[in-house]
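Q: Sequence:
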Amino acid sequence: MTVPVASANVPNVVVELAAGREITAVRVNELGGTTFSLAGEEFVKICGDEQAPLLVAEAQRTSWAIDYRPVPRVLSSGPNWLHTAALPGLSAVGPHWIKRPRTSTRAIAQGLRLLHRSAPIKTCPFGAPSWVPHDAPPADMLVVCHGAALAPNTIVADDAQCSGTIHLAYLGVADRWADLAIATSSIEAHFGPGFDAEFYDEYEIDSDDDRVDYYRQCWARRAGGLR
50 MTVPVASANV PNVVVELAAG REITAVRVNE LGGTTFSLAG EEFVKICGDE QAPLLVAEAQ
110 RTSWAIDYRP VPRVLSSGPN WLHTAALPGL SAVGPHWIKR PRTSTRAIAQ GLRLLHRSAP
170 IKTCPFGAPS WVPHDAPPAD MLVVCHGAAL APNTIVADDA QCSGTIHLAY LGVADRWADL
230 AIATSSIEAH FGPGFDAEFY DEYEIDSDDD RVDYYRQCWA RRAGGLR
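As numbered in my numbering, the sequence shown has no gaps in its residue numbers, which increase by one up to the final residue, 276.
Read the hints as simulated data drawn from the structure, not as lab findings. For each residue, glycine too, the CB sits at the ideal point set by N, CA and C. Keep in mind that the hints are not guaranteed to be accurate.
[As the list claims (entries may be wrong)] Between beta-carbon pairs, the in silico distance windows are:
1) 88 x 253: 23 to 29 Å
2) 65 x 167: 32 to 38 Å
3) 70 x 152: 26 to 32 Å
4) 89 x 241: 26 to 32 Å
5) 189 x 210: 23 to 29 Å
6) 71 x 253: 38 to 44 Å
7) 124 x 147: 26 to 32 Å
8) 269 x 77: 20 to 26 Å
Whenever a hint applies, use it, and build me the whole structure from the sequences.
A: Printed below as a string of structure tokens:
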């Protein structure tokens, strides 16, 4: 969800970090957190006390993942806020790419494929996302999952390639279908049905309906069904 800055409460820390640059509220998530753009160069994510641990988790995971995939560089952080550098490109579901759903779908799949193949599970210090049950079925393949592989969390460059991934608070080792199931569900929520073929072709895998259904049910139950 995007709201104009005039209707958002701009915290003092955002004003201070902006240092005179234009401030725009670019996203209000379903948990009540707001992300502010500082002239398109940097972002500041703000949340309430209840969600503050997620920002700590995001800072830790983003700082680890940057060695393996393009993710935002953490510039600074504090209680209830996280300040990061912008990635080149635009949101996969922003005004530009929402009109090009097949291209955007492939970029989302590409980003997950490259994350899953490049980030090492043996040295990843983070366990499975909190919404994945401890008694989940045996994994098809363990990978470092994004953990909240929603379509808006992919950034797409001008050349239609994935230029990076954002919002990594749930990153950790789990079955790759924990990402693939949520990504395809989110793609359908934003673009409508009919894009699974592009997604699975780009990821280079066939669909697994049982695993898709299982992880979508877990996500809806444990994470509130965010899109």
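Q: Now, for every hint given, state plainly whether the structure supports it.
A: Hint check results:
no., hint, in the structure
1, 88 x 253: 23 to 29 Å, "violated, 38 Å"
2, 65 x 167: 32 to 38 Å, "holds, 36 Å"
3, 70 x 152: 26 to 32 Å, "holds, 31 Å"
4, 89 x 241: 26 to 32 Å, "holds, 29 Å"
5, 189 x 210: 23 to 29 Å, "holds, 26 Å"
6, 71 x 253: 38 to 44 Å, "holds, 41 Å"
7, 124 x 147: 26 to 32 Å, "holds, 29 Å"
8, 269 x 77: 20 to 26 Å, "holds, 21 Å"
Checked against the numbered hints given earlier, this structure breaks only hint 1.
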